[in-house]
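S.K.: Per the numbering used here: the sequence shown = residues 1 to 212.
Don't read these hints as lab results, they were simulated from the structure.
Careful, some of the hints might be misleading.
What the hints assert, rightly or not - No farther apart than 35 Å at their CA atoms in a straight line, the calculated lysine-lysine pairs in the DSBU-like style are these: (1) Lys46 x Lys65; (2) Lys7 x Lys70; (3) Lys39 x Lys70; (4) Lys168 x Lys150; (5) Lys136 x Lys168; (6) Lys48 x Lys107; (7) Lys159 x Lys48; (8) Lys136 x Lys48; (9) Lys168 x Lys48; (10) Lys48 x Lys65; (11) Lys159 x Lys39; (12) Lys136 x Lys44; (13) Lys150 x Lys48; (14) Lys44 x Lys107; (15) Lys70 x Lys107; (16) Lys136 x Lys70; (17) Lys150 x Lys107.
Being a predicted model, the structure only gives us computed values, none of them experimental.
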Amino acid sequence: MSRAQRKTPSVIIVAGESDNDREVLRHLIRALHPGPCPKVEVIKDKIKLAAAIDQLSPRVETIRKNALAKARDCRADLAGVVVHADLDQVADETYERVRERVTSQLKNGLPCNSALALAAVEMEAWLMQFPDAFPKVRRGWAMRPEDCRKDLAYLPNPKEHLRRHLGKPPYRESDSPLIMEAAVQHGHVSARPSGNNRSFRDFADELASWSM
1 MSRAQRKTPS VIIVAGESDN DREVLRHLIR ALHPGPCPKV EVIKDKIKLA AAIDQLSPRV
61 ETIRKNALAK ARDCRADLAG VVVHADLDQV ADETYERVRE RVTSQLKNGL PCNSALALAA
121 VEMEAWLMQF PDAFPKVRRG WAMRPEDCRK DLAYLPNPKE HLRRHLGKPP YRESDSPLIM
181 EAAVQHGHVS ARPSGNNRSF RDFADELASW SM
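Throw the hints in and build the complete structure from the sequences for me.
M.R.: Right, here's the structure in full:
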């Protein structure tokens, strides 16, 4: 096959607020992507979008430039950009307003598919939708049955909740990628998991709508 006939590979770029959250999304995207998933890479910029609702345009432009540069470094076409942000509050009417404005700015400012991982309240509330993954990471961990029945988009402080109630050793934020990796490896991840969090469903639906 000639070089001209070779298909350029594609890449999905993840941007977000922390290294741990970006790694969580790397695992999650591979599980939820509609079809064969391209390579997933991250950019290290700690850009906060949810807290900058009135200054979105320059921040999205920074994401665009860095995502295109990362794709060039990978010698790949930019297939999509996933942006993480913690809402840092429950999924009330503020969630709807922030999601609508940020999603619109991403669609207008990026030259590819985009998806917003706007976690209510924070990424730990997404992890808690997959209770069977926790003991796969630490034998002493188990979510309480009553927590498995909660609407996790309204749990005020998921990170602290896990530290108090998950078991020993105490949960650390650096455990989050391991938990999502275990959830994916053991087949617990779907667009409609056993746990309940509207913000996760919105992200999964947006990712499922991508045209590749």
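S.K.: All the hints need checking, so say for each whether the structure fits it.
M.R.: Cross-check of the supplied hints:
For the hint pairing Lys46 with Lys65, the CA-to-CA distance comes to about 14 Å; that is within 35 Å, so the pair holds. Our distance criterion of 35 Å between C-alpha atoms is met by Lys7 and Lys70, whose separation comes to about 18 Å. A threshold of 35 Å between alpha carbons decides the hint, and for Lys39 with Lys70 the separation of about 12 Å falls inside it, so the pair holds. Distance hint between Lys168 and Lys150 is fulfilled; the C-alpha atoms sit about 22 Å from each other, no more than 35 Å.
Note on Lys136 and Lys168: the hinted pairing holds, with a Cα-Cα distance of about 13 Å set against a maximum of 35 Å. Using a Cα cut-off of 35 Å, the hinted pair Lys48 and Lys107 holds, with the two alpha carbons roughly 17 Å apart. In summary, the hint linking Lys159 to Lys48 is supported, as the alpha carbons are separated by about 19 Å, within the 35 Å threshold. Only pairs whose Cα atoms come within 35 Å are accepted, and Lys136 paired with Lys48 is accepted, the gap being roughly 31 Å.
The suggested pairing of Lys168 with Lys48 holds, with an alpha-carbon distance near 32 Å, which does not exceed 35 Å. Between Lys48 and Lys65 the CA atoms are separated by roughly 16 Å; this keeps the pair inside 35 Å, and the hint holds. The straight-line distance between the Cα atoms of Lys159 and Lys39 is roughly 29 Å, inside the 35 Å bound, and the hint therefore holds. The hinted pair formed by Lys136 and Lys44 meets the criterion: a straight-line CA distance of about 28 Å does not exceed 35 Å.
Using a Cα cut-off of 35 Å, the hinted pair Lys150 and Lys48 holds, with the two alpha carbons roughly 28 Å apart. Our distance criterion of 35 Å between C-alpha atoms is met by Lys44 and Lys107, whose separation comes to about 21 Å. At roughly 19 Å between alpha-carbon atoms, Lys70 and Lys107 fall within 35 Å of each other, so this suggested pair holds. At most 35 Å may separate the alpha-carbon atoms for a hinted pair to count; Lys136 and Lys70 meet this at roughly 33 Å.
Under the criterion of a C-alpha separation no larger than 35 Å, the hint pairing Lys150 with Lys107 is consistent with the structure, at around 32 Å.
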